[in-house]
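What follows is each chain in one-letter form.
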Amino acid sequence: ETGVTQSPTHLIKTRGQQVTLRCSSQSGHNTVSWYQQALGQGPQFIFQYYREEENGRGNFPPRFSGLQFPNYSSELNVNALELDDSALYLCASSSDGTDTQYFGPGTRLTVL
Amino acid sequence: GESVGLHLPTLSVQEGDNSIINCAYSNSASDYFIWYKQESGKGPQFIIDIRSNMDKRQGQRVTVLLNKTVKHLSLQIAATQPGDSAVYFCAESGFRDSWGKLQFGAGTQVVVTP
Chain A
1 ETGVTQSPTH
11 LIKTRGQQVT
21 LRCSSQSGHN
31 TVSWYQQALG
41 QGPQFIFQYY
51 REEENGRGNF
61 PPRFSGLQFP
71 NYSSELNVNA
81 LELDDSALYL
91 CASSSDGTDT
101 QYFGPGTRLT
111 VL
Chain B
113 GESVGLHLPT
123 LSVQEGDNSI
133 INCAYSNSAS
143 DYFIWYKQES
153 GKGPQFIIDI
163 RSNMDKRQGQ
173 RVTVLLNKTV
183 KHLSLQIAAT
193 QPGDSAVYFC
203 AESGFRDSWG
213 KLQFGAGTQV
223 VVTP
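Protein chains in written order, with our numbering: chain A, 1 to 112; chain B, 113 to 226.
These are calculated hints, taken from the structure and not from any lab test. There could be a bad hint or two in this list.
When the alpha-carbon atoms are kept at most 20 Å apart in a straight line, the in silico SDA-like pairs for lysine to any residue are as follows [claimed, not checked]:
| no. | chain 1 | residue 1 | chain 2 | residue 2 |
| --- | --- | --- | --- | --- |
| 1 | B | K154 | A | Q41 |
| 2 | A | K13 | A | P61 |
| 3 | B | K168 | B | V182 |
| 4 | B | K168 | B | K154 |
| 5 | B | K168 | A | D99 |
| 6 | B | K154 | A | A87 |
| 7 | A | K13 | A | D84 |
| 8 | B | K154 | B | T122 |
| 9 | B | K180 | B | K154 |
| 10 | B | K154 | A | P105 |
| 11 | B | K183 | B | G195 |
| 12 | B | K154 | A | S86 |
| 13 | B | K168 | B | E151 |
| 14 | B | K183 | B | K154 |
| 15 | B | K154 | A | N59 |
| 16 | B | K168 | B | S131 |
| 17 | B | K154 | A | A80 |
| 18 | B | K154 | A | I12 |
| 19 | B | K154 | A | T2 |
| 20 | B | K168 | A | T100 |
| 21 | B | K154 | B | Q221 |
| 22 | B | K154 | A | P61 |
| 23 | A | K13 | A | A80 |
| 24 | B | K154 | A | T110 |
| 25 | B | K154 | A | E1 |
| 26 | B | K180 | B | R163 |
| 27 | B | K154 | A | G56 |
Computed, partial: chain A to chain B, Cβ under 7 Å [said to hold, decoys possible]:
| no. | residue |
| --- | --- |
| 28 | T9 |
| 29 | P43 |
| 30 | Q48 |
| 31 | G56 |
| 32 | P61 |
| 33 | D99 |
| 34 | P105 |
Here chain A is said to cover these stretches of chain B; the calculated rule only asks that three of the stretch's residues, wherever they fall, bring their Cβ under 8 Å from a Cβ of chain A [unchecked claim]:
| no. | stretch |
| --- | --- |
| 35 | 141–150 |
| 36 | 156–170 |
| 37 | 188–196 |
Glycine included, C-beta positions come from ideal geometry on N, C-alpha and C.
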């Protein structure tokens, strides 16, 4: 176990709704990265948060947004859900000055 | 590497044999490379990593080889066990220039047969 936790485990939403996913980083880690993993594919980088600021973003539209809190936990928010947003959403934590990212178990989002 | 869709390459290995999983990476400026193992329904699990100033690194039953000339990475698993059955991903990132963004390959499904 990595010590990275995510909630909820599974979620079902309908098109147009909004969703919030949560991640608690491993103790001592101040950086959280979010990834989207479609079925049968590798994870795709959404964005990274470092000390409560967005620190880089992948090729995802603005309706994907996030937050990081003073305790370094993080939220991923997705507005106006589309069918293609159905995926496993992974967060990974790392510590300042290191590259190794440790992943949580993911949240499986299904959009109907 | 680029995602290739739903049909993952599959490596079938007999229990006790050695496995070699290959990965071609895309960015010659990448400095850091990492292998993850992902079991069904779980998040990726760190296996081993390597920086571009090395060409080989060993862990417990695993070895990663890096060939920067041809942009190729491989993971060797010694004495493969049933618990090694999973999807294996390689990932790359640039040195301090991509804010830790990991670029993942498509993955290889490893099936260990008795």
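### Unsatisfied constraints (hint numbers, rising)
Hints 4, 9, 11, 13, 14, 15, 17, 22, 27, 28, 32, 37 are the ones this structure does not satisfy, whereas the remaining hints hold.
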